[in-house]
Amino acid sequence: MGELKLMKGNEVIAEAAIRFGCDGYFGYPITPQSEIMETLMLRKPWEDSGMVVVQAESEVASINMLYGGAACGKRVMTSSSSPGLSLMLEGISYLAGAELPCLIVNVVRGGPGLGTIQPSQADYNQATKGGGHGDYQTLVLAPSSVQEMHDFVELGFDLAFKYRIPALILTDGVIGQMMEKVVLSEHKPRWTDEEIQKISGDWATTGKKKSRDRHIATSLHLVSENQEAHNHKLQAKYRKIEEVETRYEEFMTEDADYLIVAYGSSARISRKAVQLARANGIKVGLLRPITVWPFPTLRIQNLAEKVKGILSVEMSAGQMVIDVKLAVNGKIPVEHYGRYGGIIPSPGEVIEALKQKLIEGK
Amino acid sequence: MANFDIKSIIKEENKIYSKSPVLTDKEMHYCPGCSHGVVHKLVAEIIDEMDIQDKTIGVSPVGCAVLAYDYIDIDWQQAAHGRAPALATATKRLMPEKYVFTYQGDGDLASIGTAEIMHACNRGENITVIFINNAIYGMTGGQMAPTTLLGMKTSTSPYGREAELHGHPLKITELIAQLPGVDYVTRQSVQNAAAVRKAKKAIKKGFENQNKKKGTSFIEIVATCSSGWKLSPVDSNKWMEDNMFINYPIGDIKVND
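Residue numbers (the working numbering), protein chains in the order written: chain W, 11 to 372; chain B, 613 to 869.
Isolated chain B (complex conformation) (with noise of 0.2 Å):
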């Protein structure tokens, strides 16, 4: 066998991926397993793809992702919990040339921000939102989400989600594919490398659209949460396939064209 060096590899000719320059180096917070990181990568590669660094606002949530704009080096605003579509609301108004997105969990998304993602999307907002639903609140420990599903304990819900007590999951993307004034709604994932790959295709979809000016675009992401799951990141792609995904289906909910 040849001499084989690993000099002999690290060639600008056999380079076939690098990290995109519009994701910082900042170490990330995000527990091993999490779907954070994976998503806040696609959206640093589209801008990066659309060459829209210095057209781009995000409005980060109050969450996980509260830090987002540690991460993604483009400028930011951070919102207080549940109110990014309002943020966005006015930042795209007030400069339509630039793209807008907001990047919410469920907590944020889906419980106290309900009236600001309803009304955004109702009035179709040009923006871009990213769902990313775990159905748990991570940042705060492991809470109840609207989106937690029945049975599924969480330290709100010790003995596991009860309807009676509790109320069911919170389909909120299927409410929102109803409002007229939304064209584009998906439900996406990131747990292995095909996956990944529908779901930049669909942010991607989501960003390009803000030149259509038809409406909002939503994109959830159902995700996992390893730490507040109380499973190894193997197990939290597992468990999420096998329960997520009969109560959040994959797959497009509303296409325009």
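So that you can see chain W by itself, here it is in the shape it has in the complex (with noise of 0.2 Å):
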């Protein structure tokens, strides 16, 4: 067993980089996260392992320094929170496109504009439909507490190095925040060069050698039918992940009346409202997307065959409800409940909208 401590999130994710054996990171400030970037400044883990850390004059600057390294081959990252990540989907277009892998954690706030600083998980339409221009799709990991915002750093390079693809930890400024008790894993060194020459030597700009032809990290295709076919090689790329990659969590389904789907801090909020309905002879489940794309669109159609109704619980206007729609097709009711602007519901609100909109309703 690795080493336990009382961490917050964010300093977490800090943590995790360095034990991870993450190569750089390259970062701007903005609350509700900075203290990812503080915190790899004072630990300096460039004197231990060469990691690079960077603060750059912009989020645009930090999304672009990620594509030079990920480029090289290297495990690179970067943090920040709403509207630096809107700043950076040029970048993360550009990424995908040119299918760098890298990860990018987003510690939502309440928007739109600037906003507010509180929690919010307004930011899941931007995270889950691509974001930026073009057809593209991020991995999106959405971590309930603050051992999965450990544990997501290394499972977020793990799968953005198999798929050549930007990941994303999808987070907000509850988990961000709050401390909690985290199991941290042993520290694993960093990639020698003939590791990232064995992973990732067909495509890594590291200098051309004389037995190879010239690595181009691009995503420019000029003539239509060559976008054409990279569109469809990411397409398949994507319907695999979506095969392969769907990830969640059930509590108690089994025998549920009625269907809660939430994730990140909404899923804590709502599994203790499952536990007070059922207290209340209220037969409710929750099923907690882990990977929030790709969605587990197919397991909610089949609770669909089971369940009364799904009542979808977001920190926005009502973004996931739609997936959620678009999984059930119209063959149960489906409905919302959020608090935004950096408001969090309470456990007995929830309870009170399923009452209302979904067993009162009938």
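Any given hint could turn out to be false.
Unchecked claim - Only pairs whose alpha carbons sit at most 27 Å apart, straight line, appear in this in silico BS3-like list of lysine-lysine:
{"no.": "1", "chain 1": "W", "residue 1": "Lys-220", "chain 2": "B", "residue 2": "Lys-783"}
{"no.": "2", "chain 1": "W", "residue 1": "Lys-220", "chain 2": "B", "residue 2": "Lys-817"}
{"no.": "3", "chain 1": "B", "residue 1": "Lys-783", "chain 2": "W", "residue 2": "Lys-54"}
{"no.": "4", "chain 1": "B", "residue 1": "Lys-816", "chain 2": "W", "residue 2": "Lys-54"}
{"no.": "5", "chain 1": "B", "residue 1": "Lys-623", "chain 2": "W", "residue 2": "Lys-219"}
{"no.": "6", "chain 1": "B", "residue 1": "Lys-812", "chain 2": "W", "residue 2": "Lys-220"}
{"no.": "7", "chain 1": "W", "residue 1": "Lys-220", "chain 2": "B", "residue 2": "Lys-710"}
{"no.": "8", "chain 1": "W", "residue 1": "Lys-220", "chain 2": "B", "residue 2": "Lys-627"}
{"no.": "9", "chain 1": "W", "residue 1": "Lys-220", "chain 2": "B", "residue 2": "Lys-653"}
{"no.": "10", "chain 1": "B", "residue 1": "Lys-850", "chain 2": "B", "residue 2": "Lys-824"}
{"no.": "11", "chain 1": "B", "residue 1": "Lys-813", "chain 2": "B", "residue 2": "Lys-653"}
To be verified - Residues of chain B placed beyond 12 Å of chain W at every Cβ, according to the derived structure:
{"no.": "12", "residue": "Thr-668"}
{"no.": "13", "residue": "Ala-691"}
{"no.": "14", "residue": "His-693"}
{"no.": "15", "residue": "Leu-699"}
{"no.": "16", "residue": "Arg-705"}
{"no.": "17", "residue": "Thr-752"}
{"no.": "18", "residue": "Ala-775"}
{"no.": "19", "residue": "Leu-777"}
{"no.": "20", "residue": "Glu-820"}
{"no.": "21", "residue": "Lys-850"}
No lab work stands behind these hints, which were simulated from the structure alone. Using N, Cα and C, we set each Cβ at its ideal position, and we do this for glycine too.
Since each chain sits alone in its own frame, please combine them into the complex, following the hints.
This is the structure in structure tokens:
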């Protein structure tokens, strides 16, 4: 068993980056995630492992630093919060187009615009529908505990390199700012040049040897037929990810009459709501998407055969509920309950919404 | 007169020049008279002479040189518009033993990418920047650039650039020379053999500087764009000498040794 510690979600992201052999972090300060870069600068990982940490001049620069680092076959990451993610979208589109692996953490705050620095889940659509220009996806992990903040740094890098895709950790100010116990991984070394050669040797821009053709990290395909072929290739990869990498967790769904679908911090609140509702005789279950893209569409389809109605609980005006509705395809009622603007719903509010929108509404 | 046969000249001992093997055989898409081809050739020759083909990573811009990776046989990263210095920053920091350079035009470097180039230079990133300044957006069809001269007609300044309406030509190279992180700043051109020789020397110094680890090397090439300027290649060179050099004087701006 690894080291047990009480840590803040954001600090754990930094600690996990060091422990999982991240090669480079590039970021720009923004609340509520600044502790990530602060922790890294305090820890000075470059003195131990040579890990590079750069405070960039903007989120635009940091995401493009990721592009350069990722093109070298290195494990590179950045973190930001909602307005910063909006600035990064151009770069994320380029990374997706050039099929470069990297890890991006979004500690979501309320919007639109400068919005609030309080927690929110209103970047769901941006994260799960590509977000930037062109047909692309990022693989999106949604932690609901400080432990998962830690674990998903490694999982995110693994999946990013497995599929050559930008991976996103979609979290929020609740998980980023709260302290919880966490079991930290053993230190794993950064990849050696030989390992990078083995893993990414057929595409990384590490210097052209006489024995091979030059490697070009690009998203440019000027001939339409080539661009379409590239789009087909990307889509095939996305279908494969949907098939193989969809992750979710269920709580008390076996005998449930009603289902709550919620991810991240909303899932923690909803889990409590399920327990309280059951104490009052309402049989509710919870499905927590762990990957919000790929979304657990098939499992929700199956559960829609068993339950009478589904409540999507999100700290947004109703974004994930659309994916739930697409999965259910009109078979049973699907409702949304959300608080936003930085307000966190209580378990009691969730039960009340369930009663009003699904049970008494019948 | 003795019987003169071309075959009597094509002999190894008579060979005084050949194309660098680092320059690919791909036919360039550049317009006749364009400076890009000459600068590409110089970069390829320098990489060849320094024997660093397997250690060099180029970062290409958005602009006419977006396809630079088709012509110079090294590993390349194709950057989003203006962001080449950010890519180069990460690449050099993660692989400090490599030679990393960006190749950017005036729209890319001095307009949309102003923040990235200023901060990369201010951090003193140990990279070489090659800045092609032809005072126009060539690729998109001749629009006004930040470096377009006052009075110069472009498709978005059809009556000539006016300071009141469009601001003044941006002397970004002089601004960059002020930054302590920058070790070497020079402005060159490639319109004749003598200028080409000086430009090559400057670019080579820029690459060699990466061994000294003293900061960024920045080489501006004042360049022509015959198509954008709507002049013949010969007239473009003359127009450049008569007009561009007044605003962008040729020579070293900052040399630390």
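How the hints compare with the structure:
no., hint, result
1, W:Lys-220 x B:Lys-783, "violated (40 Å)"
2, W:Lys-220 x B:Lys-817, "holds (25 Å)"
3, B:Lys-783 x W:Lys-54, "violated (38 Å)"
4, B:Lys-816 x W:Lys-54, "violated (35 Å)"
5, B:Lys-623 x W:Lys-219, "violated (31 Å)"
6, B:Lys-812 x W:Lys-220, "holds (24 Å)"
7, W:Lys-220 x B:Lys-710, "holds (16 Å)"
8, W:Lys-220 x B:Lys-627, "holds (25 Å)"
9, W:Lys-220 x B:Lys-653, "holds (19 Å)"
10, B:Lys-850 x B:Lys-824, "violated (37 Å)"
11, B:Lys-813 x B:Lys-653, "holds (13 Å)"
12, Thr-668, "violated (7 Å)"
13, Ala-691, "violated (7 Å)"
14, His-693, "violated (9 Å)"
15, Leu-699, "violated (3 Å)"
16, Arg-705, "violated (5 Å)"
17, Thr-752, "holds (14 Å)"
18, Ala-775, "holds (28 Å)"
19, Leu-777, "holds (27 Å)"
20, Glu-820, "holds (17 Å)"
21, Lys-850, "holds (33 Å)"
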